[in-house]
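K.L.:
In case you want the letters, here they are:
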Amino acid sequence: MSSEHLRFTGDPALPASEFAVSATDLTKRFGTFTAVDAISFTVRKGEIFGFLGANGAGKTTAIRMFCGLLPPTSGTANVAGYNIRTQSRYIKQTIGYMSQKFSLYEDLTVAQNIEFYGGIYGLTREHIARKTEQLLEELQLQDRRNKLTASLPLGWKQRLALSVSLLHDPSIIFLDEPTGGVDPISRRNFWRIIYEIAGSGKTVFVTTHYMDEAEYCNRLSIMYRGRIIEIGHPGELKERYGLDSMQDIFIHLVGGDIRPENTP
Amino acid sequence: MTPLISVDHFSKSYEEVRAVRDLTFEVNRGELFGLIGPDGAGKTTTMRTLVTLLRPDTGSVTVDGMDVRTRMKDIRAITGYMPQRFSLYPDLSVEQNIRFFADLFAVPREELPARMDRLYRFSRLEAFSRRLAGRLSGGMKQKLALSCTLIHDPVLLVLDEPTTGVDPVSRNEFWEILHELRAQGVTIVVSTPYMDEAMKCDRIVIMHDGASLAQGSPRDLVASMTVPMYALDDRDLVMNFSRIETVPGVRSVQSFGDSLHITSDGDILPERLQSAIGGALGRDVHLRPISPSLEDVFIALIEEGGVHVL
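The listed protein sequences correspond, in order, to chains A and Z.
Its first residue numbered 1, the first sequence is counted upward by one per residue in this note's numbering.
Its first residue numbered 1001, the second sequence is counted upward by one per residue in this note's numbering.
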């Protein structure tokens, strides 16, 4: 593996940090609207971190900043050891990103999607060829390699999207609602893979609306109106609020009529 | 009273894919009925057939006694359908979107103010009537889409995964609205991948590979699962339980939040099961007997295919 991007990933001379993500007063305003309001928190390496919040709480804006896609208005963050303001291009090469909506090209075949993303990540041709065979085997998709991605069941598409986002061996992966619309069995299978990824030392940063999945996270935060209003281990939070499930805690903290969307 | 919907040995294929196979169920008037199943189970095909967008290959599907093959226009007049990707016009306001759908369904102009009032009352969208649909949150978009679906006062509402991607608080609110509509006499057929939502239906059919695996009230389905089930509260094992799966007497293991749900063969005593699992892990464990949830039933039906559901 001597592809271009590795210069930025595995080099021990690069700034080391025990945190995969650390945000300090990170803020993003769009005009007069503050989407992300001075959030500060850290995610340790190898952690499965759940980033929860209602629709419109500011999660996606924050993730876009962490991925180096959107510059902050003020404050800053380090992701995989790089500063999101000054080193965003390195971040893009060191992280993986998968969302339910935008990951795969439906009108490319399964194999073409893998090749396409391998090319984007700057992998060599042999590397792509090797990875393609490996992934098709792992996903048991050999028979479907020349089928259009659109024809795959949703659960398989999501597993393929996840594999593709790991092609360049990122140290941290951002998953934005990776299991939306998927049945409980596929979701469980997906989470077993997430545990394997974290077990291999990678950091997993994940958003979800399924509160049973929130229970699987090592730590999680709850975002509300652009701020992080709670953070901790699921067990700690249950103890703190005297509630039995993350669903109850979420509704307790975010529910009711005080949501921003109910204020014209 | 005759059922509003009657699906009788209905099958539908697309080229080589058999989307629905010999499906039979009925939906009573005023019922909130759920189609539950994994992706590709045939839920969307069934719903599209109910609203006359697809024709059955074999079997019969009727709505209010009318055949979906021959009475398309009449069925559409009494039906509201919200597909998975309902198209709102993002550059029109909330109110303009509702008016647009009112015109599409030829709602008489003089009736429109009263209907809009009613829709605003339950959707609580009135304060946002001038906001562009493209600038609404996910939960509000779904409420607006539902309002547009209801503008012609349908007696049957068909909703295909209306709350996918919507946060838990907005999902609760959406289901409160569905219960209000049912209280007003609307019959609702809804599909969902969420088991907590399936529990809120009067009756459900669990579908897999185009066929019905079980039907009934969610509570009856849960009660019909008679296999003993235990919880093992241990976060470290939640995603790493292969050592338990092979223990004799263990039938299945599933992660549920921060604990494991373990079903046994039924014959083995709980104490023996507990010590066998403890032996496999090399330490003491505590098994807690639990009642299964609908999600347990769903998984058992689909993964094992061998649960004794009536």
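Each hint should be verified, as a subset may be incorrect.
Computed Cβ-Cβ distance ranges for the label pairs, DEER-style [claimed, not checked]:
#	chain 1	residue 1	chain 2	residue 2	range
1	Z	F1105	A	E126	22 to 32 Å
2	A	R85	Z	R1131	31 to 41 Å
3	A	N189	Z	T1024	22 to 32 Å
4	Z	G1266	A	N189	21 to 31 Å
5	A	P71	Z	Q1184	26 to 36 Å
Some chain Z residues close to chain A (C-beta under 7 Å, calculated; not the full set) [stated by the list, open to error]:
#	residue
6	G1134
7	S1137
8	T1164
9	G1266
10	D1267
11	P1270
12	E1271
In short, the hints are calculated from the structure, not lab data.
All of these numbers come straight from a predicted model, not from anything done at the bench.
Backbone N, C-alpha and C define an ideal beta-carbon position, used for all residues, glycine too.
K.L.:
Does Z/S1137 pass the interface hint, meaning its C-beta sits closer than 7 Å to a C-beta of chain A?
P.N.:
Because about 4 Å separates Z/S1137 from the closest Cβ in chain A, which is inside the 7 Å limit, the hint holds.
K.L.:
Please test the hint of 22 to 32 Å on the beta carbon pair from Z/F1105 and A/E126.
P.N.:
Hint violated: Cβ distance 59 Å, outside 22 to 32 Å.
K.L.:
Any CB of chain A closer than 7 Å to the CB of Z/P1270?
P.N.:
Violated, about 23 Å.
K.L.:
Is the interface hint for Z/T1164 satisfied, with its Cβ closer than 7 Å to some Cβ of chain A?
P.N.:
Result: holds, 4 Å to nearest chain A Cβ.
K.L.:
Answer holds if the nearest beta-carbon of chain A is closer than 7 Å to that of Z/E1271; otherwise answer violated.
P.N.:
violated, 27 Å
K.L.:
Has the hinted range 21 to 31 Å been met by the Cβ atoms of Z/G1266 and A/N189?
P.N.:
This hint holds: roughly 26 Å between Cβ atoms.
K.L.:
With 7 Å as the cut and Cβ atoms as the points, is Z/D1267 at the interface with chain A?
P.N.:
violated, 26 Å
K.L.:
A range of 26 to 36 Å was offered for this pair. Does it hold for the Cβ distance of A/P71 and Z/Q1184?
P.N.:
Once the Cβ atoms are compared, 50 Å apart, the range 26 to 36 Å for Z/Q1184 and A/P71 is violated.
K.L.:
Quick one: are A/N189 and Z/T1024 within 22 to 32 Å, going by C-beta?
P.N.:
holds, 30 Å
K.L.:
Quick check: does the Cβ-Cβ distance between A/R85 and Z/R1131 fall within 31 to 41 Å?
P.N.:
For A/R85 and Z/R1131 the Cβ distance comes to about 33 Å; the hint holds.
K.L.:
Close enough to count: is the Cβ of Z/G1134 nearer than 7 Å to one in chain A?
P.N.:
With a closest approach of 13 Å, the Z/G1134 hint is violated.
K.L.:
If you take the shortest Cβ to Cβ gap from Z/G1266 to chain A, is it below 7 Å?
P.N.:
violated, 22 Å
Of the hints listed earlier, those the structure fails to meet are numbers 1, 5, 6, 9, 10, 11 and 12, in rising order.
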